[in-house]
Amino acid sequence: MRNLHSVYHLARADFLERTRRTSFLVMVGLVLYLGYLVNIGQVTLRLETYRGVFNSAWVGSMMTLVVNFLLGWFGFYLVKGAIARDYQTGVGQIMAATPLSRPLYLLGKWLSNMAVLDLMVFALMIAALVMQLIQREDAVIHVWALISPFLLVALPFMALVAAIAVLFECISWLRGSFGNLVYFFGFIMGIALVAIMFGEAVPVLDWLGFGVFKTSMAQAAKAAYPDYSGGLALSLVPASGNIQPFHWAGVTWTLPLLLPRLGIWALALGLTLASSVVFDRFSQAGMPRRKKSASPAAEVPATAAAPAAAQKSISLTRLPAASARFSLGRLFLAEWRLTVRGMPWWWYLAALGLIGGSLVLPLENLRSWVLPAALIWPLLVWSGLGCREARYATGQFVFSGPRPLRSQLPAAWLAGMSLSLLMGGGALLRFALAGDWTSFTALAAGLLFIPSLALALGVWTGSSKAFEVVYAVFWYLGVLNDVLELDFTGLHASGHWPIYLFLSLALFALAFWGRKRQLQH
Numbered sequence: 001m002r003n004l005h006s007v008y009h010l011a012r013a014d015f016l017e018r019t020r021r022t023s024f025l026v027m028v029g030l031v032l033y034l035g036y037l038v039n040i041g042q043v044t045l046r047l048e049t050y051r052g053v054f055n056s057a058w059v060g061s062m063m064t065l066v067v068n069f070l071l072g073w074f075g076f077y078l079v080k081g082a083i084a085r086d087y088q089t090g091v092g093q094i095m096a097a098t099p100l101s102r103p104l105y106l107l108g109k110w111l112s113n114m115a116v117l118d119l120m121v122f123a124l125m126i127a128a129l130v131m132q133l134i135q136r137e138d139a140v141i142h143v144w145a146l147i148s149p150f151l152l153v154a155l156p157f158m159a160l161v162a163a164i165a166v167l168f169e170c171i172s173w174l175r176g177s178f179g180n181l182v183y184f185f186g187f188i189m190g191i192a193l194v195a196i197m198f199g200e201a202v203p204v205l206d207w208l209g210f211g212v213f214k215t216s217m218a219q220a221a222k223a224a225y226p227d228y229s230g231g232l233a234l235s236l237v238p239a240s241g242n243i244q245p246f247h248w249a250g251v252t253w254t255l256p257l258l259l260p261r262l263g264i265w266a267l268a269l270g271l272t273l274a275s276s277v278v279f280d281r282f283s284q285a286g287m288p289r290r291k292k293s294a295s296p297a298a299e300v301p302a303t304a305a306a307p308a309a310a311q312k313s314i315s316l317t318r319l320p321a322a323s324a325r326f327s328l329g330r331l332f333l334a335e336w337r338l339t340v341r342g343m344p345w346w347w348y349l350a351a352l353g354l355i356g357g358s359l360v361l362p363l364e365n366l367r368s369w370v371l372p373a374a375l376i377w378p379l380l381v382w383s384g385l386g387c388r389e390a391r392y393a394t395g396q397f398v399f400s401g402p403r404p405l406r407s408q409l410p411a412a413w414l415a416g417m418s419l420s421l422l423m424g425g426g427a428l429l430r431f432a433l434a435g436d437w438t439s440f441t442a443l444a445a446g447l448l449f450i451p452s453l454a455l456a457l458g459v460w461t462g463s464s465k466a467f468e469v470v471y472a473v474f475w476y477l478g479v480l481n482d483v484l485e486l487d488f489t490g491l492h493a494s495g496h497w498p499i500y501l502f503l504s505l506a507l508f509a510l511a512f513w514g515r516k517r518q519l520q521h
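Take the sequence shown: its position 151, counting from 1, is numbered 151 in the numbering used here, and each next residue is one higher.
Worth flagging that the hints you see were computed from the coordinates, not collected in a lab. For each residue, glycine too, the CB sits at the ideal point set by N, CA and C. Do not take every clue at face value.
To be verified - Restraint ranges, calculated between C-beta atoms of paired labels, are given here: (1) Ile196 x Gln219: 16 to 22 Å; (2) Leu433 x Leu352: 17 to 23 Å; (3) Val91 x Ala201: 41 to 47 Å.
What the hints assert, rightly or not - Okay, derived cross-link-like pairs now, EDC-like style, lysine to aspartate or glutamate, Cα gap no bigger than 16 Å in a straight line: (4) Lys214 x Glu48; (5) Lys222 x Glu48; (6) Lys214 x Glu200.
Build the full structure now, drawing on both the sequences and the hints.
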């Protein structure tokens, strides 16, 4: 009982600490905006050219699938970091000195992660109710039909996402930015793909819940429209053409449907407890030790050395006169070295290969895969812009220099911009030689956008995580999947470059304002 009491208070304290942070409020705002997008039809659930009437069952089930896909994808980044924060703040050393075991500590973190995600789920549950009242296709509220998909489908998957976040933090090489990148692509190519391909055959793998609703929805659509041939899709773009409604009464929750949901809960709990095997419990074994002197006799006691030192005359030289000038070139080179250092040798080799490929490969290959690969490869390098001072606690040293606002910040942006030009400059040259000035202008605006976004998010959040997630979304949806509004490179829609040029200037101004606030406080 005492152990459970400790786990409860650990989870409660961690949950309260998270809900007081700005990032939590930002995430709540994004979740409510997601509910708005569903309400206006930007995010839709369709069976070919058919959809259900907006009754309680349909709205609740549609919003549940939206929650599982989008919150399961991006909510991971909201909850990941609880254990890393204990490493950084030294709280972990205090926890390591207590009798609390590894499994119980991780259980508390899992419960805290789950509480944060579940709070978002309940916010979208309320948004679903509001959506039904606004649409008014069916004004009768059936409470169980509305909330049961959230309780029985969304909550188990949020528990699994919370457990995956715990696992990633227990593995040292997944704890940082690389782990963020692994989950981003792993969700699409692993979690979502497995659920869609094998969820119907193996219900416990249907963590997203599509298989729970697909059969009964398809039967209702087929009964209303015999031409329906089968298919269920969650679309992130508005429906085009005439979408015809049909009535769907919801899912009948039977034991064969409920048991796999319990299996997902068990999988999440088991994954959390199994993470304790690789959790080092804040061990200091791998940290460097201070070297001892070779001979204790060589050490001179301070009390004995003090009189001798007092007898010597000390001569001090005058400091050089302070100069009001500074060298932007030297500062830029220093920022450039800080920006690109620390990557393994093969990273630089691959970057050189991508730069060379953009200069010699055909334009078709350049557009299809070389340029997209070149613009995602330095993600972990760009992500350090603006937040390096917070990450290494060097802010007081950096900001105490002359004119940190007018010198250091532009130098950091120039370092990021130089990397953008290195990775995308080959494509710019090829577009110029081909006389494709529209693509040239669009890509140039996109290359300006990247360091501006990284710098603004880094300054305001003090973390690389926000840029890694936001930029990966722009790259995956805009560059790879032709969502035109997010295509900052102009590869698919070159007419948006004025927007990204304006955003680049606005983001740099936002970074300037954020750094000014840091200096004042």
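Hints and how they fare:
no.	hint	in the structure
1	Ile196 x Gln219: 16 to 22 Å	20 Å, holds
2	Leu433 x Leu352: 17 to 23 Å	21 Å, holds
3	Val91 x Ala201: 41 to 47 Å	45 Å, holds
4	Lys214 x Glu48	12 Å, holds
5	Lys222 x Glu48	11 Å, holds
6	Lys214 x Glu200	9 Å, holds
The structure agrees with every numbered hint stated previously.
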